[in-house]
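Chains as they are written, first to last, in UniProt numbering: chain A, 1 to 287; chain B, 1 to 327.
No wet-lab data here; the hints were simulated from the structure. Do not rely on the hints blindly, as some may be mistaken.
[Stated by the list, open to error] Label-pair restraints from in silico Cβ distances:
#, chain 1, residue 1, chain 2, residue 2, range
1, B, V106, A, G112, 53 to 59 angstroms
2, A, R196, B, A312, 30 to 36 angstroms
3, A, I135, B, D159, 39 to 45 angstroms
[Said to hold, decoys possible] Below, a list of computed lysine-lysine pairs in the DSSO-like style, where the Cα atoms sit at most 30 angstroms apart:
#, chain 1, residue 1, chain 2, residue 2
4, B, K221, A, K9
5, B, K26, A, K104
6, A, K12, B, K221
7, B, K70, B, K80
8, A, K104, B, K23
9, A, K104, B, K28
10, B, K221, A, K52
11, B, K80, B, K221
[Stated by the list, open to error] Not the full set, but computed from the structure, chain B residues with beta-carbon under 7 angstroms of chain A:
#, residue
12, L20
13, N27
14, P36
15, I42
16, H45
17, A133
18, L136
19, V142
20, V143
21, F258
22, I283
23, F293
24, V307
25, L310
26, W314
Think of the CB as a built atom: it goes at the ideal place given N, C-alpha and C, for glycine as much as any other residue.
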Amino acid sequence: MRKTGINYKKRKKIYNILANTILFLFVFFAIAPILWMVATSLMTQNEIVTGKYTVPSHFENYIEMWQNINFFQYFKNSVIICASTTAVALIIATLAGYAVARYKFPGSNLFGATVLATQMVPGIMFLLPLYLMFIKIQETLGIRLINTYPGIIIVYSAFFIPFSIWILRGFFASIPVELEEAAIIDGCSRIGAFVRVVLPLARVGIIATGIYIFLMAWDELLFAWALTTSTDVATIPVGIRLYVGNYQNRYDLLMAAGCVTTLPVLIIFFGLQKHFITGMTAGAVKG
Amino acid sequence: MQHRKRRKIYKPELIKKEGLFTKIKKNKLAYLLITPAIIGMIFIHLVPIVSGILMSFLKLNQFTLKQFLKAPFIGLDNYKAVLFDPTSTIRSGFLDALRNTAIFGVICSVSVICISLLLAILLNRNFKLRGLARTLLMTPWVVPSFVVGMLWGFMWQNDGIINRVLVDILHILPKKPFWLTGPMVLVAIIIPTIWRQVPFVMLMFLAGLQQIPDEYYEAAKIDGANAWQRFRHVTLPMLRSVLSIQILNGIINYVYSFNIVAMMFGHGAGFPGKYGDLLMTNINRNSFQIWQFGTGAAATVIVMLCVMLLVAVWYKVFQDDLVVKDN
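Using the sequences and the accompanying hints, generate a full structural model.
Shown next as structure tokens:
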């Protein structure tokens, strides 16, 4: 039953125009700051300070930012730390997520509840004791964890595992058990069925979780500031602060570095956007 | 929920009849699979949380830091210093941060949910540039939060672009306000937080909206419901489970908000001032700048208890919405 009167059509048209106007106003607010970051990254420091803007075309900033501070080292550290974290956390969370989704074992509810409860604890609650524990471990056992790759990778991996388990659990639960049973009847072992049947079917969810872990690790600040302070392991959020502060005020370079930092996540995200959006929303709606 | 049913079909009666030991033996593989996760969670979650709570009863400052858990036990003195002692500087800073975080959290939660819902509804139509609009609206969420803090800190500067647009170009304000000092700081931290959080929540609402069958709206139309009534009696009830999860997410996110604010002021070294300091920046500064780990731990425990209380209230209110109904 559709109303077809001219009045109705007219109202519908007005509604659509209004809706699009509001929507694109928000689109403008969403991207304007990002465009401004790109624009200022192509200005000279002088233009930024005086406000006498010309057409942003000072591409030299993108060369100077690597020379002004050792940004490449920070970038490399971030890539190594985030990629390793993603790999470690994803493998461990996939195994555990599968176990929680498929088995009802004594303690499975407690495990599930613990996984969720960890999300209520603030990062600083872990950081203060961990920082002192790491110092203690170094003193007594001689194992260096502060300012080393393994130290921060262990912390990040463990930190992102609970949430990843929670998302992955939903994906594994949505795969029919019958498929695995069929594979087992056909002669697959349990593990064989998991690797050959379940993993390929859960691919979207695993990719989504992986992107999520990488984005979170790339974005992590609190632990990085305390646990990676020397240049050889410090991540981007630690290093990027050197452009502005006590010794210099190079907002042009800071913005260029901001663009360079955003670019990899932008590429990863929009390259795999379809997987990510189906993955995240499926997990979220199923709860 | 499909998987629950299926799990029951899987081995229904067996579970109840068996003894605990057989059950454990039967699920060997499951225990093996969760072992790595459990080891990680024990060492990086459980041990630190327990020692963190212990630390809140110890006198831990720059002189006793190295003693860790062997530092002198002082009972509830840290809690007193944070909450009750009127002479303690920690207390006034903490109370300011508590007030700011409360205001910040309420404003951010409400605005993020309203804006996201509006945008999700506007996106959930057929129009030409839909894909483009969604992609562009998503971008703020992809920008790393420390870059967001840095960028907005730069834009809020007294001669930054925001003041230039508001005062020099649009003439909305008579003179350039100071966004990064004084009472306006709270505005300066709320806006970027909303800006970055909206896309994600919008995406969740959009997914929820797409699950509502068109027939519901058709039926409501036939019954003569107008647009508002359709929103009120079809859309909102169908979105309750997404909404409740996003509210929980909001509580945890905003109370523990750190990155954007920390990066905006002196890039982590600065102080947002008594009008803009949040709980996490306050605790982090007191811990790592003046090395008061004991009071830091006590303050964290207090914040954590507040969050647990909020989550308990949230659970009471939204309990019924969490069960996803099978069609």
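Right, here's what the structure says about each hint:
1. As the Cβ distance of B:V106 to A:G112 is approximately 30 angstroms, the hint placing it in 53 to 59 angstroms is violated.
2. Checked against the given bound of 30 to 36 angstroms, the beta carbons of A:R196 and B:A312, roughly 44 angstroms apart, lie outside it.
3. With their beta carbons about 43 angstroms apart, A:I135 and B:D159 fall inside the hinted range of 39 to 45 angstroms.
4. A C-alpha spacing of about 16 angstroms is found between B:K221 and A:K9, which places the hinted pair at or below 30 angstroms, so the restraint holds.
5. A distance of roughly 10 angstroms separates the Cα atoms of B:K26 and A:K104; the hinted pair therefore holds under the 30 angstroms criterion.
6. For the hint pairing A:K12 with B:K221, the CA-to-CA distance comes to about 14 angstroms; that is within 30 angstroms, so the pair holds.
7. The hinted pair formed by B:K70 and B:K80 meets the criterion: a straight-line CA distance of about 21 angstroms does not exceed 30 angstroms.
8. The suggested pairing of A:K104 with B:K23 holds, with an alpha-carbon distance near 9 angstroms, which does not exceed 30 angstroms.
9. The straight-line distance between the Cα atoms of A:K104 and B:K28 is roughly 12 angstroms, inside the 30 angstroms bound, and the hint therefore holds.
10. Restraint check for B:K221 and A:K52: not satisfied, since their Cα atoms lie roughly 56 angstroms apart, outside the 30 angstroms limit.
11. Simply put, B:K80 and B:K221 have alpha-carbon atoms about 61 angstroms apart, too far for the 30 angstroms limit, and the pair is violated.
12. Hint status for B:L20 relative to chain A: holds, with the closest Cβ pair at about 6 angstroms, below 7 angstroms.
13. This hint holds: B:N27 has a C-beta 4 angstroms from the nearest C-beta of chain A, less than the 7 angstroms allowed.
14. Here the hint on B:P36 is kept, as its CB sits about 5 angstroms from the closest CB of chain A, short of 7 angstroms.
15. For B:I42, the suggested interface contact is broken, since its CB lies about 9 angstroms from the closest CB of chain A, more than 7 angstroms.
16. With a cut of 7 angstroms, the hint placing B:H45 at the interface with chain A holds, because the nearest CB-to-CB distance is about 5 angstroms.
17. Because the smallest distance between the Cβ of B:A133 and any Cβ of chain A comes to about 6 angstroms, under 7 angstroms, the interface hint for this residue holds.
18. For B:L136, the interface hint holds, the least distance from its beta-carbon to any beta-carbon of chain A being 5 angstroms, beneath 7 angstroms.
19. The interface hint given for B:V142 is met, as the beta carbon of that residue sits about 5 angstroms from the closest beta carbon of chain A, less than 7 angstroms.
20. Nearest Cβ of chain A to the Cβ of B:V143: about 5 angstroms, under the 7 angstroms cut. The hint holds.
21. With 7 angstroms as the threshold, the beta carbon of B:F258 comes within range of chain A, its nearest partner Cβ sitting at about 6 angstroms, so the hint holds.
22. Look at B:I283: its Cβ gets to within about 5 angstroms of chain A, closer than 7 angstroms, so that hint holds up.
23. At its closest, the beta carbon of B:F293 sits 5 angstroms from a beta carbon of chain A; the interface hint therefore holds under the 7 angstroms criterion.
24. Restraint check, B:V307 versus chain A: the minimum CB separation of about 6 angstroms is within 7 angstroms; hint holds.
25. Among the interface hints, the one on B:L310 is violated; its C-beta lies about 10 angstroms from the nearest C-beta in chain A, farther than the 7 angstroms criterion.
26. Among the interface hints, the one on B:W314 is violated; its C-beta lies about 11 angstroms from the nearest C-beta in chain A, farther than the 7 angstroms criterion.
In this structure, the hints that do not hold are numbers 1, 2, 10, 11, 15, 25 and 26, in rising order.
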